[in-house]
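**Student:** Could you build the full structure based on these sequences and the hints that come with them?
Protein chains: 2
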Amino acid sequence: MAQHNAFYAQSGGVTAVINASACGVIEACQRHPDRIGKVYAGHNGIIGALTEDLIDVSQESTETIAALRHTPGGAFGSCRYKLKDIESHRTQYERLIEVFKAHDIRYFFYNGGGDSADTCLKVSQLSEKMGYPLTAIHVPKTVDNDLPITDNSPGFGSVAKYIATSTLETSLDIASMCATSTKVFVLEVMGRHAGWIAAAGALAGQGEGEPPHLVIFPEVPFDRARAMARVEACVKQYGYCVVVVSEGARYEDGTFLADSGNTDAFGHRQLGGVAPTFAGMVKQDLGYKYHWAVADYLQRAARHLASQTDVEQAYAVGAKAVELALDGQNAMMPTIQRVSDAPYEWRIEAAPLAEVANREKFMPREFIREDGFGITEACRTYLAPLILGEEFPPFENGLPKVARIAGHKVARKLPEFTI
Amino acid sequence: MAQHNAFYAQSGGVTAVINASACGVIEACQRHPDRIGKVYAGHNGIIGALTEDLIDVSQESTETIAALRHTPGGAFGSCRYKLKDIESHRTQYERLIEVFKAHDIRYFFYNGGGDSADTCLKVSQLSEKMGYPLTAIHVPKTVDNDLPITDNSPGFGSVAKYIATSTLETSLDIASMCATSTKVFVLEVMGRHAGWIAAAGALAGQGEGEPPHLVIFPEVPFDRARAMARVEACVKQYGYCVVVVSEGARYEDGTFLADSGNTDAFGHRQLGGVAPTFAGMVKQDLGYKYHWAVADYLQRAARHLASQTDVEQAYAVGAKAVELALDGQNAMMPTIQRVSDAPYEWRIEAAPLAEVANREKFMPREFIREDGFGITEACRTYLAPLILGEEFPPFENGLPKVARIAGHKVARKLPEFTI
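Listed in order, the protein sequences are those of chains A and B. To convert, count from 1 in the first sequence and add 830; that's our numbering. To convert, count from 1 in the second sequence and add 830; that's our numbering.
Bear in mind the hints are in silico, worked out from the structure with no lab data behind them. C-beta atoms are modelled at their ideal positions from N, C-alpha and C, and glycine is treated no differently. Misleading hints may appear alongside valid ones.
Below 30 Å or equal to it, Euclidean Cα-Cα: the simulated DSSO-like pairs (lysine-lysine) are [claimed, not checked]: (1) Lys-1113/B to Lys-914/A; (2) Lys-1066/B to Lys-1231/A; (3) Lys-1066/B to Lys-1119/A; (4) Lys-1119/B to Lys-1239/A; (5) Lys-1066/A to Lys-912/B; (6) Lys-1119/A to Lys-931/B; (7) Lys-952/B to Lys-931/B.
Just a few of them, taken from the derived set where beta-carbon distance is under 7 Å, the chain B residues facing chain A [unchecked claim]: (8) His-862; (9) Ala-1009; (10) Ser-1011; (11) Met-1111; (12) Leu-1116; (13) His-1134.
**Tutor:** Structure below.
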């Protein structure tokens, strides 16, 4: 069969394992030299395609490509750039097709979350309308775990492992000093819309009284009095209280805790931070000594503590994307199908993008304990396998060894395009 | 020779490896059953000795003791409790001796930082005056790396490795998205008095332009205009800017950045956080999109990423403490002596507590780059070996396996004592 080129791009917030998916895509492409010629990566995601800013992946060494598997961040650059609707911004989509045509790109692999699934679908539809034979496959990725159909999203398992481990470790720290020092520790985690990551913190403890003692979910309207009463009860019963709070925690009326009207010395609105806000309530209402941490990007970049399950799945969806494309299955997304909980078994399936785009998966209510401060056994059963296994990166001089892309640019063939 | 009991206690802020020292002390004691009978651990540090709240370590399994080597926090409980001066609070010191006498404790191992070295010395002096034959050894521990004589303090190397790794990982994250998203990332690290931990963040990068681009030390008076100018220059030149800021960062007049007068909606002084404060300046002065993280206890509890060098040294000072005691060397502290930088070699020596107590080791000025925003080669040479090697804990169900002390209490023999 004829040989054509492939395009790969990363989209949206990066994860500890998005490069493992890149590795999966690239290595799978390289296993089919009869069908796939060069792999071009979009520099800074889809912007690279629009501006014809392409990296020639074939000029990277085999070692560099293999090392992507254990390198966090987005090696080719990612972007927060959502293509606008196709009706009013048709030129953007047409430009993509032009660039693909100019570089004989017939395979389009787009690695991202919900928005990029939608973009991928639209590009596929337009290419069809324009009579350009493009096979578009979306490679799932998001720490938020909010993609539908797939049992979980690559990227989430590693954040979950990091947060569960950090909660366990810091809980031991607090527990050992609570008699004379910090009584309440608050860890802020990501998840603006859904409490998946916060829920993962609960994996650190199991039995009655084991920390974390409170998990604050975006899904449960925040009630200060109830939360503080629970903190107080924990300190009285266990000597200390560990709280995992989602950045998306909000009041009944939808106001985020982090936006609760704090101002700085200049009268400017105080900059986010649910953890310090919660800690401030503890101080005001209960007077306990507190400490707080905001994990922020540390949690989604922590490849050193990636879940082996997550790494393998991230790689597998990348490799599967290429198989699907070579099989002529257009506008699809590889999905993870859970076969069994314990022992955990999974396989890769696929779903049409039309069923994926513009649908978010939220935490089921039955995953949150009735009192709203913890997870149920059903949730534990779901989450537990996702953090299984370690795949530590190689270290050099005490630090993780990472892939550094040479980034040879492909010569431009088209006029400039302003986005 | 006669057999007597030993007492071990943890003091002050715990670290990822203080239990490795406990393991070193206990296993070394157990190798000398002819000389050392039982090891009693103070529950919650020295408070356990004062209140006769002792844990019988001989009732813990060999596996539990071995597992201390990879368990963060303070397994027997630590405390923030400084014994007052001996003149006005002689009863406290006398009580310690009484408890030791009642339980035939002739070996006193105190595992902590500068304050506990001082306490250890005083206890030793008083026992001599009172004619009670006690051998008191201080086991060094502090993430702050501020103990004198010893080349470095056990506990520091692991925080250093965690901060350097986190800086490297998050830098890759920011770099990959800076074209359309976050331009400035601020990571707040511990170190109220000295910039050792902040300096460790600089190990993440080496060449010109490699992140972190700015390190903010407590030792260098903070100049907002200069710092913001540098942030702006980095964003213009590299596309982004990564900042590691010490919690102890302060202005010329000594005011901490974290205390710069922010108030919340209730007019209360806003709760710390140098990172959000710095990020706020970036927003106000430069308008860049920012993110910030506060590592807080995560950094000192992160046993999962401990430095192998640090674990080995923590164990070694514990074991050496017992050797010193059995050798009759009273009022001493095992120290780490650097033999060579590369390859890194070290050995354990010992120093008299009289030379250790009440002396803090600060960062030498020649370790800070002339512009005040980075480290020198001399600093790098000093720091680099301390993060070498990995000693990952065993994992179970995706989480680090930790020691859980059974904590059998020793029967009390004395009247109650109120502290």
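**Student:** Taking the hints in turn, state whether each one holds.
**Tutor:** Now for the hints, and whether the structure bears them out:
A C-alpha spacing of about 28 Å is found between Lys-1113/B and Lys-914/A, which places the hinted pair at or below 30 Å, so the restraint holds. Between Lys-1066/B and Lys-1231/A the CA atoms are separated by roughly 27 Å; this keeps the pair inside 30 Å, and the hint holds. Restraint check for Lys-1066/B and Lys-1119/A: not satisfied, since their Cα atoms lie roughly 42 Å apart, outside the 30 Å limit. About 28 Å separates the Cα atoms of Lys-1119/B and Lys-1239/A, which keeps this hinted pair within 30 Å; it holds.
Pair hint Lys-1066/A plus Lys-912/B holds up; C-alpha atoms about 24 Å apart against a cutoff of 30 Å. For the proposed pair Lys-1119/A and Lys-931/B, the alpha carbon gap of about 36 Å is over 30 Å, so the pair is violated. Between Lys-952/B and Lys-931/B the alpha-carbon distance is near 17 Å, which keeps this suggested pair within the 30 Å criterion. At about 27 Å, the closest approach between the beta carbon of His-862/B and any beta carbon in chain A exceeds 7 Å, and the interface hint on this residue is violated.
Interface restraint check for Ala-1009/B: the shortest CB-CB distance to chain A comes to about 4 Å, inside 7 Å, so the restraint holds. Contact between Ser-1011/B and chain A, as hinted, is supported at the beta carbon level, the nearest pair being about 5 Å apart and thus within 7 Å. For Met-1111/B, the interface hint is violated, the least distance from its beta-carbon to any beta-carbon of chain A being 10 Å, above 7 Å. Taking 7 Å as the C-beta cut-off, the interface hint given for Leu-1116/B is violated, the closest approach to chain A being about 14 Å.
Interface hint at His-1134/B: satisfied, since its Cβ lies 6 Å from the closest Cβ of chain A, which is below the 7 Å cut-off.
Hints 3, 6, 8, 11, 12 from the list above are not met by this structure, while the remaining hints are.
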